[in-house]
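The lines below spell out each chain.
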Amino acid sequence: MENGSKQIWGFRGNEELKIASEITVRGFLNLLMFHVNKDDDRPTVPLGHGDPSAFPSFRTTGIAEDAIVDALRTANYNCYAPTVGVLPARRSIADYLSRDLPYKLSADDVYLTIGCTQAIEVILTVLARPGANILLPRPGFPYYEARAACSRLEVRHFDLLPEKGWEVNLEAVEALADHNTVAMVIINPGNPCGNVYSHQHLEKIAETARKLGILVIADEVYNHLTFGSKPFVPMGTLGSIAPVITLGSISKRWIVPGWRCGWLVTNDPNGILRKTGIVDSIMGCLDVSSDPATFIQGAIPQILENTEEDFFSKIIYIIREAANLCYERIKEIPCITCPYKPEGSMYTMVKLNLCLLEDIGDDVEFCLKLAKEESVIVLPGMAVGMKNWLRITIAIELSTLEDGLARIKAFCQRHAKNNKI
Amino acid sequence: MEENGEKRWNFWGMGKLNPQSKTSVRGLLMKIWGSVNKDDPRPLLPLGHGDPSPFPCFRTTPVAEDAVVDSLRSAKFNSYPPTSGLQPARSAIADYLSRDLPYTLSPDDVFLTIGCIQAIEITLRALARPGANILLPRPCFPFYDSYASSINLEVRYFDLNPEKGWEVDIESVEALTDENTVAMVIINPGNPCGSVYTHRHLKEIAETARKLGILVVTDEVYHHLTFGPNPFVPMGVFGSIVPVITLGSISKRWLVPGWRLGWLVISDPNGILRKSGIVECITDCLNMTSDPPTFIQGAVPQILEKTGEDFFSKTIDILREVAHICYEKIQEIPCITCPNKPEGSMFVMAKLNLSLLEDINDDTDFCLKLAKEESVVVLPGVAVGMKNWLRITFAVEPSVLEDGFGRMKAFYERHAKKQ
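Here the protein sequences come in this chain order: E and S.
Each step along the first sequence adds one to the number in the working numbering, with nothing skipped, and position 283 is 283.
Counting the second sequence from 1 gives a position; the working numbering is that position plus 1000.
Chain E on its own, in the form it takes in the complex (with noise of 0.2 Å):
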């Protein structure tokens, strides 16, 4: 209403959103590279985030881009998709991800997202009932507290246990577990740990799971990207111990995260997921929003398909060799340890040792001032959810990591505390 001169204005911004939005990785990485020293000559080494498509090693499979201009060129895909995907897409990617289950998995069981990211905001916007709580790792993605957040969707963390290769603390999930809890989430292979799970351990959490009638989600945004001694295992294979919800995208294994093309799948044999009216509600969420590019859908089945295996296994060597390498070089910086080399995903997480350092607080200061003195991104461990540790990106070309290596060497020394003993 008019008042005097002075319009008055009804509206104002909903401050709910500002909370949840402040704590993801993007957020992070935009203050870092704030304080990068722009007069710096060097080029900075971004070895915060889990991106390498800017790299030449990284360049996706020639397969996947013609798949693309192919379903473009067809002109039968500018129309918009149906709510669940277009059924070419959904029945490969069940084929895709069956190969490695004991049963098949049906086009039904598939529902297109864009991204995994939004196949997150899907399912957690499904659990959050009124009440209702989630288990989620810790350390973990920190864009599952942010949408949790979003959806008033209370969040309770267990612990990833480094001394034995970060694999879930399973007495805390049981202690953590009520009534209202209605899954766990586990990242696998992992972000930011790097860690691979055995058949073993899944198994182990799945029957967790089923004693606790909560569901499984498992992330696997980095499947198949395992370059140790374990395999990697999917979390579907004991989806009738416990129903599974498994997320995924093209993004990691074809390196290509800008096509914002993803799953959400349903693994579960015993139709659980059905019957509590679960698979009624990812519907009912993907109807109101908006759908992956529908020509980008068209492209999935040759994308899956023809891609052949030396692109799969040339990934894997450069970033076995970076693992390798980082793995190494950390070992020479005794402000740093890292207490399990990673078998998987594109991170390490590492330790800091603060009383070896002159100056330096905490992770956050640690990054703050190497991103200013010596122009090198690296993820605090506050971030993902243990502070006074850091998460290094090890996707990366090696020369790249060399130099980023070098610099954060030349940083610890620069700060080391005098030794007067």
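If you are wondering where the hints come from, they were derived from the structure by calculation, not from laboratory data.
Think of the CB as a built atom: it goes at the ideal place given N, C-alpha and C, for glycine as much as any other residue.
Be a bit skeptical, because a hint or two may be false.
[Said to hold, decoys possible] Derived CB-CB ranges, DEER-like: (1) E163/E - P1054/S: 21 to 27 Å; (2) F312/E - T1283/S: 33 to 39 Å; (3) N270/E - Y1157/S: 43 to 49 Å; (4) S1149/S - H179/E: 24 to 30 Å.
[Claimed, not checked] Restricting the straight-line Cα-Cα distance to at most 25 Å, the calculated cross-link-like pairs of lysine-lysine (DSS-like) are: (5) K1007/S - K104/E; (6) K204/E - K1372/S; (7) K211/E - K1007/S.
Use these hints to put chain S onto chain E, whose structure you have.
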């Protein structure tokens, strides 16, 4: 715990809160499609939804296809995009929209979204502070209602007046507004009405919103798709009278709804939306959700700058032709009347006169039976907030439209009340 061999689980679905349980265009259309007789050898005639892209005469321009291919092949756009969108895309959209405005938009005013659908999602979310309400037109594009209820944003409806070219009933807007009203939504060119508002009327809307202290959300997804006497005037023209949030996309003008590339634009020269924290909310929302594919964003400058005027004119010519056919044919069917010849978008609203029909209960019944008997799909008006009306799409091949109306006429004759 196991009970009688039946395991109890702690999770269950959303039940009544499930967004699907509200009417959505997709949901209702699925139901109607479901009643089509599978043994009917005649092709199904889709006159219910707004997607002409399957028809050859509505194929997009090769300029757009080439732009996407070029962008993809450069391999520069496989990475995650920045939250608000790629800078060149934001710049190009700012320039494109500024052509029709008395001021220049900055790229910072432009946010890329996954089609206009996501632009609606973000806008509603950003405005949905606890206790707020938003004013929607009736009839409306039903997604607004579906999404608003899924986020507990109260919705109130003002009328559009069929006797006055579907103009906004200003009095009803004023009557509905209270201290918790944050915004009013207009859709221009109109879905489902096919109306195109005049400069005079848009100004009236702007002044009313200013008086009431609310902002205007203008859904301009059908921007420039006008073929009648009134030219398209963007609401942003009045951005200095009232802050405007403009929603749009390439989906309709380029006939590529499947590409999922849209925008949310702040048309607010006085910076009020920034000061009130709305813009920050918008970026917070965008930070929390997925994005349009980076390489499609990368193609936007080429698409917006290089598409020739002849592609646009061709589309308009076809739309003008089919809108005309539609209007003429409706007049030949006694039980349907169209109060306003469509001037824009891809739809027209037509009123059903049930008293002239035997054994048809309402608009949904009409549509279900029409689908079953004649394999023609039309949207019942209840889906858009007007029971016993129909929303008819005319953006199809002319022959499909002719055929469709032929079958509708036959349907009418079969169900006409005997005199």
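Hints, one by one, checked against the model:
no.	hint	result
1	E163/E - P1054/S: 21 to 27 Å	violated, 59 Å
2	F312/E - T1283/S: 33 to 39 Å	holds, 37 Å
3	N270/E - Y1157/S: 43 to 49 Å	holds, 45 Å
4	S1149/S - H179/E: 24 to 30 Å	holds, 28 Å
5	K1007/S - K104/E	holds, 24 Å
6	K204/E - K1372/S	violated, 53 Å
7	K211/E - K1007/S	holds, 10 Å
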